[in-house]
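> Starting from the known structure of chain X, fit chain A onto it as the hints suggest.
Line by line, the protein sequences are chains X and A. Okay, so the first sequence: first residue is 1 according to the working numbering, each after it adds one. Okay, so the second sequence: first residue is 1001 according to the working numbering, each after it adds one.
It should be emphasised that the hints constitute simulated quantities derived from the structure, not laboratory data. Since this is a predicted model, take the numbers as computed values, not measurements. Do not rely on the hints blindly, as some may be mistaken.
Lysine-lysine pairs mimicking BS3-like chemistry, simulated, CA-CA at most 27 Å apart [unchecked claim]:
{"#": "1", "chain 1": "A", "residue 1": "Lys1416", "chain 2": "X", "residue 2": "Lys60"}
{"#": "2", "chain 1": "A", "residue 1": "Lys1110", "chain 2": "X", "residue 2": "Lys60"}
{"#": "3", "chain 1": "A", "residue 1": "Lys1362", "chain 2": "A", "residue 2": "Lys1329"}
{"#": "4", "chain 1": "A", "residue 1": "Lys1354", "chain 2": "X", "residue 2": "Lys163"}
{"#": "5", "chain 1": "A", "residue 1": "Lys1240", "chain 2": "X", "residue 2": "Lys163"}
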Amino acid sequence: MITAAGVRKVSGKALWLKFVKKGTPYAYVAPTIMLMLILLFLPISMVITYSLMDNVIMNKNPEYVALLNYRTIFADPVFHEAIGNTIFFTSMSVIFHMVIGLSFAMMLNVKVLHTVTKSLFRVVYILPWVFTAAIIAILWRLMLNPNGIVNYILETAGIISSKVEWLSSRQTALYALTFINIWAGYPFYMVSLLAGLQGISPDLYEAATVDGANSVQKFFYVTIPQLKPIILSLSLLDCIWTMQQFPLVWMTTGGGPIHATEMLSTYTYKLAFSKYEFSLASTSAVIILIFSMVLAFFYVRHQKARD
Amino acid sequence: MWRRILGILMCIVMVGAMSIGCSQPASSDSEAADDGTVTLEFIQWWEPELPSGAFRALMDRFEAENPGIKVELISGPYASTKEQVIAGAASGTMADVVGLDGAWVSDFVKQGSIADLTELMKSAGYDDSQLASQIQLNGSTYMIPVVNFIYPVFINDDLLAVAGIESAPTNRTEFANAAKAITNAKNNVYGWVLPLSLEAPNGIQNDVMSWVWASGKSMLKNGKPDVTNSDVKSAVAYIKELYDAGVIAPGAFSMKEQDKVEEFTNGRVGMMIDSLAHINTIRESNPDLKFSITALPAEDGYQGKRGIPYASWGIGIAENSEHKAEAWKLVEFLMSEEINSELSSIANAFPGNKNSVPDFVKADELFGTAFEIYKNGYPANEFVGLPVAEDLMRSFDEQFQLMLEGEQTIDEMLEKVQAAWEKEF
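With the rest of the complex left out, here is chain A:
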């Protein structure tokens, strides 16, 4: 009898404990301790991509300068950060400060999960003229690019010399001629490399649409899709010509960015459009490789400023944060001239603060050249701020692959892409 009662009591305790455990509200993103210390959560993918301990050291400095605010870093690879941020946005448990990719902004704004930074800047009395760029929607800023990674053309100097080309290509004709001259399929050497994997379709942004932006042109009209325009058509036709000429490295349809870098590093590809962030990786992997960088070639005869494709480490603040003012202090700290210079130096990127100058520009010739390219052009990435940006790239990619395989004409392809994109706006 007593055994039974004891058994029942134990079960009740277990069920009760479980219910309490399950019904415990999700811990708030930021916590205020009894002594008034606020702990901010900062989710980003940057820390693992920086030298070990470097980002934490910056946070320690922030904490020292702002007594009463602690920063808890939630770090992970880009893909898992993206999933966590989306899940956090959905459940209203987003970290206070969020590392953002421009491709996510529109959807988070629509969802109401990221805060209006214009308001926060105003209430903090912040002078935004020092910011190199801001990602705005409906007249309000939602993301600030902290550092920018530009995408110039990397050139294998040895392959170019063997092909008898004396200088880096500056326009499309020169690029096509160089790519054809470099290509030697027998020796497994190709002129250009084009990653079109559907898993990460950012090749459309960095390696395809960049040809349009490099000539100062656009894939949008009044903020709406306009991919059937003559400029996009000309860029697509140009790439198709290169593909048909056999100068693009094989395996393009499942190739990812890291595969592209690997092909170039191993000396199998003469030219690639890639992030400046990979310079050190290439040097470490193949110290003997002689390579240089140049601006992306524009249409023949184009004299205007060139759009340079870029990717950013953007920053935003969660709408559900209970400590937006403290979160803004962290953003302001990262965007300050000194810290932004430091961060861009360790990330091998260009600063989001106009007045910052990274160390590597003076110390390294290649980075110096890249900084010149950056200053002479303008950062161009029209996918930033578009709704379901990654899906727009993916739908373009699918039709683009069909067109390259000869299953549809360029006009048919662009019309299908236009129709697919219009549905999303």
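Pulled out of the complex, with its shape left as it was, chain X reads as follows:
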């Protein structure tokens, strides 16, 4: 006989089972969601909130000022200069990282070299990547010093007649800094592309040879299309990383001379830790975040397309 109490007991158990069944996946992802909320969304939302207040941290009772900080930042000529410099620095770095990385990867992938020779060169070429930004900055500051080895070599070779102030002159500082960043970053491309090159099937090259393709044609119609997914991923990631480069710029030039090497990162740092304008610094950080997110969007879309 089915009693009312029995029905209630059964339906209660069924409800519990349903809850367990539906809740299990959420419970499994809960730790990750908590971590993301605490480590990602909370700081980001705090920075966004700061950017809408008058000077937070230094002001005990900050007030909401809507988009005033954004207007201030966008009206600042130094910010415009920082954007221009960041675009130049990032685009040149990414292009040359790619060109040099691919060239070295192809050199290391040739069959004519002995394995030991290739390993030796691999170690030598990867060296810049193992140095920290501080070491790279000190190293190049010494080498590009007016009395440094670079000027000595160029003077001895008769290429320059007087000492060039590479990092102290507005005419050369941005180029010198970009060069240092290219030098420091190409090995990452080289290693990744070398792995990609080694994964290309020799059958494709054999087929191309049978079709009468020369080396240049093989490069453009076999190698590049095969490496395209890696090249795109690397370029997008490098864009994001280079755009946010701070330690190297700060330790070599500090954004100077005058504003010749001012980047969005140094501009933001100065607002926070030199002017103590934390709301303006947050605004600048939000702008960098938006740029990064646009690039990240393309990266994710590209990854999805690959999948």
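What follows is chain A alone, placed relative to chain X:
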């Protein structure tokens, strides 16, 4: 079924543990143990700059003299200490006792993050007449310079002799003549070195504005910027003249203090304005270098007392400290005649206590000369206590570089600096 329930329980435990971990209040800066022992946190950049273990030994003595108080040193390089102090000030978790640079004081006072030391001195019955200087704002002391590093002119004696100059320059004309005589661009030797890096723009304070203070003049008027005055203009014009004459070592616009010392140590520069703290570094790096020190040259004909640029290791107490009385005891200990003498001796600096005399003054001729310079002049650093002092130097530096490059006149430069500085006051 049981597996699922177990899984859910585990997740709940993990989430709960994480929430508890994250919501745990930040540990207070000072802790009182069950036995009543108070542990003070002391953040500073001094310990790494002193001989290994020397500063800790002083703290051990303090602990022995003050049972019930322990000191935990939080040490790091200057730059990271600065960032940590700023972050601590913002979040209200500043260490109890804080190593301060005069350039930070105004902003911390505005923020309300450092305590009024005048009140603490009063309640402790402390006689402040023994202090060489105090950094005050609105009539209250917020920082006490523990030791001072003065910035005299270092002279490469050999280069000066080769240039045919017999004595150290005492005024601007003599300095310019000496710099021109020493300069030999072919041999890569220059008369003077001027660091203007924007990363650390303290060259404006130590190497540019010091020319104004050396003649007893000022860049302020009633505590407000006055950089367009004739004294600042004359100093800037003088440096521009030296720059145009080609007597300043190349690379000035990205040069930092350590680069300056390196140029001098390697014998490529005849004269530099630098901290006394570097004497031993120079001796160790180049034992053969013969050098001497002298006071910064003043304007021709100036007979008054000379302002000597200086940098300090300052000390303050956090407003959020729960143990201000104990923190003051530590400050008092460091400022006592005996300890201050000891600290200044190991730091190669001049004491913040008027009655202290560091050992090196008697033992080393150069330090003896420096002490004479210190006693005959007065410590001058007008950036101490100014709002966003580092940024004031940086904005001056940017306009100064443009002026040196000939892109604007001295008047235009000073007017722009004046306008930029006025915004910050």
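> Okay, which hints does this one fail, numbers in order?
Hints 1, 3, 4 contradicted; others consistent.
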